[in-house]
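Got two chains here, separate frames each, mind docking them using the hints?
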Amino acid sequence: MLQFVARRILYMIPTLIIVSIISFIIIQLPPGDYLTTVVTNLRATGETVDEATLAAMEQRYGLNQPIYVQYWKWITGILLRGDFGQSFEWNQPVSALIWGRLGLTFTMSLATLLFTWAVAFPVGIFSAVRQYSIGDYIATFIGYVGLAVPDFLLALILMYVAFKVFNQSVGGLFSPDYVDAPWSWSKVWDLLKHLWVPVLIIGTGGTAGLIRVMRANLLDELHKPYVVTARAKGMTEARLILKYPVRVALNPFVSTVGWTLPILVSGSAVVSIVLALPTTGPLLLRALMSQDMYLAGSFIMLLSVLTVIGTFISDILLAWLDPRIRLTQ
Amino acid sequence: MNKSDLLLDVIDLKTQFFTDDGIVRAVDGVSFQMKRGETLCIVGESGCGKTITARSILQILDYPGRVVDGQIFFHRVRLVDGKEVRQIIDLATLKTRGPEIRDIRGKDIAMIFQEPMTSLSPIHTIGNQIMEAIRLHLPVSKSEARERAIELLRRVGIPKPAERMDAYTFQLSGGMRQRAMIAMALSCGPSLLIADEPTTALDVTTQAQILDLLRELKDDLGMSIMLITHDLGVVAEMADDVVVMYLGVVAEQGNVVDVFHDPRHPYTQALLRSIPKYGLRTAGKRLDSIRGMVPDPYSRPTGCPYHPRCDRMIPDKCDRITPPTIQIGEDRVVSCLLYDVPGLPTRSYNAPQPALCEVR
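So the protein sequences, as listed, match chains C and S. Under the working numbering, the residue at position 108 of the first sequence is numbered 108, and the numbers go up by one with no gaps. Take any residue in the second sequence, note its place counting from 1, add 329, and you have its number in the working numbering.
So here's chain S without its partners, still in its complex pose (with noise of 0.2 Å):
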């Protein structure tokens, strides 16, 4: 991979939370790299860690939530005064109410939710929530930003847009309510949008709808999607990439394409094999499903997470040891011991050249 197509380079993060009935290891280790311009899906059950991640890359975890170890290398291109300004920043470094993260979320890199009714405040207009979000960031005076939210608005679909300003979330459908949240989203020209299930809460076609607005966004503007889901058919519609979670760990990330003709870890498998599929001969046949249920974030099996609920589990071997990273091909790695062969090269992440560094 090029290094300037880079755009964020994720390497072992730990996310942990320290409640009164101990730590819930969140994301435990979990390394991905995203490329410029490209959509990243991140798919995984319930209580993977996949919100978790999102979150702690812009440093918004509730307490007790914190990142107690690794990197998130974000490659920053800014215009300053006409020119291009790059930049790698660890932002797991900075400090979570500083100034150098609060410059960076909604400018650099801006998230959408999973629920617009309740994401966006209930006794403020849109209007006055957008045009806040494009004065933090852009030195604009107050008209200016009403230009720019009514053009936002129209951009993302919203009809009559001058008018929708001064409308309260209660008085939107809740496609027209994520389209605000998105609108809201873009206001600063993010060159990376994290988008947490934002769909989930939508009904089927308005679904479709919001999924074709970010795919048409993201042609049009050049920014990277990370989209957060755990539906399989958002991931094969909208990914060039996908990072299939579990636990709090990357059991698989490769191509779309690969992990989906040729899945390797043998819970994307399990995943693949439980989406139900038209017109093939299944009539007559049970939906396979994954058996048992993801554990209790307090009881974290030891060696493999996923090793209590796989068919392949390799006994003494599965339950004792913690499956490494292994590079099985270009971009694709997968987690699990079964293909922990001699000979293929486990992936070591390095640090970026100091050279290329301007880490602030």
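Here chain C stands alone, though its shape is the one from the complex (with noise of 0.2 Å):
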């Protein structure tokens, strides 16, 4: 298990190397550059920009060195200070930018995660076991709904709820109070009560989903034969479906785990501006449309780097938990 590990990691460090090289080509091939953006929008406001200006713009962002160089530049800074580059938009380190959305985003993802889960484990289980039942039948139709309904759409009739009937604000993720306030536990407290409306609209998609997942994965075991063998030893239903079909179903599902984690930083970009939270999604958004190159490429790297750890993880529970794979090399 440990060389298993170790060989893991190993693979992680050429993908992560070739994943911070595509990023930074990425948000380098759109046309034009951040002070293209900048003169665009002093010119339609009327403005006229003069060459000297420019000039020292260029030179003080470092925009007229060739693009390997710009990329060691920002690659080195990353892994020895932890320098992320300078936002050219707000005029701030970008590591000053994104830790504190980041870590309020992932607060919100890993709800988000506990809620998907908690409530899409039972329900698949009792859909795949009671096949055809009513039960079964109310859950894959609100699975569907759940899975068809956009989540911004989702998000406006909550709100719009919320505030007729509750006479609630459920925009943001604190009250106003809360804000700017340090952290208290009363503010952790405000946290959890705004918290639960972006998790339950983030989370039905992905709850219907799993729950699909599940009620599938689960229906191609219970009919195995090492089920019928555990009935002919004599075991209460409950206890053979939870400890064999149950746990072989897990297997695709803990392999999603790996997707699961970028696309709960990014995925949830509309739901966030639509309730105004201050998560990344919004923030990458603004970036990428204003070519804030330094601020979209770490959030793009980050976004990266997640997707690289959440599948080192899945494989890792991969591991722990099917024999198959940790002992068939």
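Quick caveat, the hints were computed from the structure, so don't treat them as lab data. Note that CB positions come from ideal geometry on N, CA and C, so glycine has one too. Some clues are possibly wrong.
[Said to hold, decoys possible] Listed below are the simulated DSS-like cross-link pairs for lysine-lysine, each with C-alpha atoms no more than 27 Å apart in a straight line:
#1 K364/S - K224/C
#2 K364/S - K489/S
#3 K412/S - K547/S
#4 K412/S - K224/C
#5 K547/S - K243/C
#6 K243/C - K424/S
#7 K547/S - K489/S
#8 K424/S - K489/S
[Said to hold, decoys possible] Label-pair distances were calculated between CB atoms; the ranges are:
#9 Y11/C - S502/S: 28 to 38 Å
#10 Y144/C - F347/S: 26 to 36 Å
#11 F106/C - E429/S: 49 to 59 Å
#12 A238/C - F347/S: 16 to 26 Å
#13 D432/S - S175/C: 55 to 65 Å
#14 T631/S - A238/C: 36 to 46 Å
Spelled out as structure tokens, the structure:
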């Protein structure tokens, strides 16, 4: 097992290097750079820009250097000093902008993941074991509705209902009193009071999908001979289903953990904009639109790293869960 | 037959599958008896209801299958506080998921299956699965269960049993897997072991070893074996009694010597003719085979189910009349209209005498 983990970690290194290069290339791909955007914006407002200022800015941001030099500066800054570069638009170090939001995003994503699993597991198992029962049909129906309704629509509806019926504002993650307050238990409690809305909205689609996956996986396993063997031993039905087919049906579940991480971080962008959440999604979108190179690059890089780490975690979990993967190399 | 020798008395068992396309009468009125300590072979082509009969006994039919009629009297002998307690239990009336049948499964009646690879969990060690079987029925601690499991693995001829306890199925050969499966079935000392084609998935040498092992265990432990097979060679080697099944009914039952030397039912005769024989003057001749195929389960022939393939079919009789079960000797029955002559007694089944019954 240790050897397995060590090998997986070694595999990650070249992947991460390639990922960082590709992230950097991608953010350079659109024509023009941040200065072009600045100039366009200034011209749109009727101001003129003189060449000297432009050259000075170019010099300051290092935009006149060859691309590989820019990349090298960027990546060594990240690795050696934790310096992700400067955000042009916010005129702040990227790291100062990102970490706070990333922490909140992670809290929200984790809560969503837990919610998704807590609902999808039992409902999926029930749906499979009682296939074609009324409960299964209800779960399936709600699941399909959850899959079909777009998140942002759900967000709007929920906001409307919360406002009209409960007279509660559900935008953001904090009440106005707490936005700039230092962390305290009451601030955490305030966060929890706001968190359930985005968790519910972002979680529905995933929950519905996972219910279907769990149901399908389990249906494949329920009629396998080893289940009959367990039954012939005299086990109770509930115990044998949880011990055998559910364990095997978990495999596809676990192997998708890797994709869940980045999807949770980036996929909630639309909902975050609708609900005005201080998470990473809206920031990334804005950075991409204004060609704020280092900010966007850092985001894409972080998302890619999360994917790689997520895959790593799911590999480890899978190996831990399934001896066939651990022992047959 | 002495009543106390009786282990299993199956009377007019009917098991049906309620599918969307109609009802499949997989077992359609099967009756047979099994004596304590004997090996009974159930033989027949694929799809004739052998496996379903066996699974009906343990009530482990897959959905949408259900025992719809008939009785399965299991004569249970258990030692309670050193005293022998005899009970006759009708397994067919027990709830499929109830505590009564679960108490019997794995303890009094154990089962082994055709595919040891898929019949054992791929993600649990064999030790885990055997210990689980032990601790379900016996009040022992984890370490005692482990001791017992190792002993069982040694008993079924697995080398280095203590190490093999922590092996997974994919780390064992086919023969070793089946031995582990047998060890698991034996873990609570069952009085009946149902073996559903236990050697079909194994190669010939391993097959012989497993059969030897089963025979040896049967003699040592004094249990009975119900062996389901389509291999008449296995029957000849193992059986005391034979039940020949065709399309959900018993075609013929009797002592193995009688059935092999004097088959009465045309189906049994045809089966025996289709075995290649060594040393007889058969060179250049084609091996006999039974013409036609087992019919589609949704379109069962009327009358005798075998009549479309039968060489000795009586027109206007076999296709109309369902043949009764005819007693043609002691412990010997055949279900064929050829033997339906006045004077021969047709067998009637009586429920066990109330005095003997202690049905729960």
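task = Mind checking the alpha carbons of K412/S and K547/S for me, to see if they're no more than 27 Å apart?
result = holds, 23 Å
ask   = Do the Cβ positions of T631/S and A238/C conform to the proposed distance bound of 36 to 46 Å?
value = holds, 44 Å
inquiry  = With the threshold set at 27 Å, check whether the alpha-carbon distance from K424/S to K489/S stays at or below it.
reply    = The given pair, whose Cα atoms are some 41 Å apart, is violated under the 27 Å limit.
inquiry  = Can you tell me whether the CB distance of D432/S to S175/C sits inside 55 to 65 Å?
reply    = Since the Cβ atoms of D432/S and S175/C sit about 60 Å apart, the hinted range of 55 to 65 Å holds.
task = Mind checking the alpha carbons of K364/S and K489/S for me, to see if they're no more than 27 Å apart?
result = Outside the cut-off at roughly 36 Å; violated.
Pair hint outcome, K364/S versus K224/C [Cα-Cα no greater than 27 Å] = violated, 32 Å
query = Between K412/S and K224/C, is the straight-line Cα distance small enough, at 27 Å or below?
reply = Violated, at roughly 40 Å.
ask   = Does the structure keep K547/S and K243/C at a Cα separation of 27 Å or less?
value = violated, 31 Å
message = Does the beta carbon distance between A238/C and F347/S stay inside 16 to 26 Å, or does it fall outside?
response = holds, 24 Å
ask   = Can the suggested window of 26 to 36 Å be confirmed for the beta-carbon pair Y144/C and F347/S?
value = Since Y144/C and F347/S have Cβ atoms about 28 Å apart, the given range 26 to 36 Å holds.
Whether the CB-CB distance between F106/C and E429/S falls inside 49 to 59 Å = holds, 53 Å
inquiry  = The hint says 28 to 38 Å between Y11/C and S502/S; measuring C-beta to C-beta, is that right?
reply    = 33 Å Cβ-Cβ, so the 28 to 38 Å window holds.
Consistency note: the structure conflicts with the earlier hints numbered 1, 2, 4, 5, 8.
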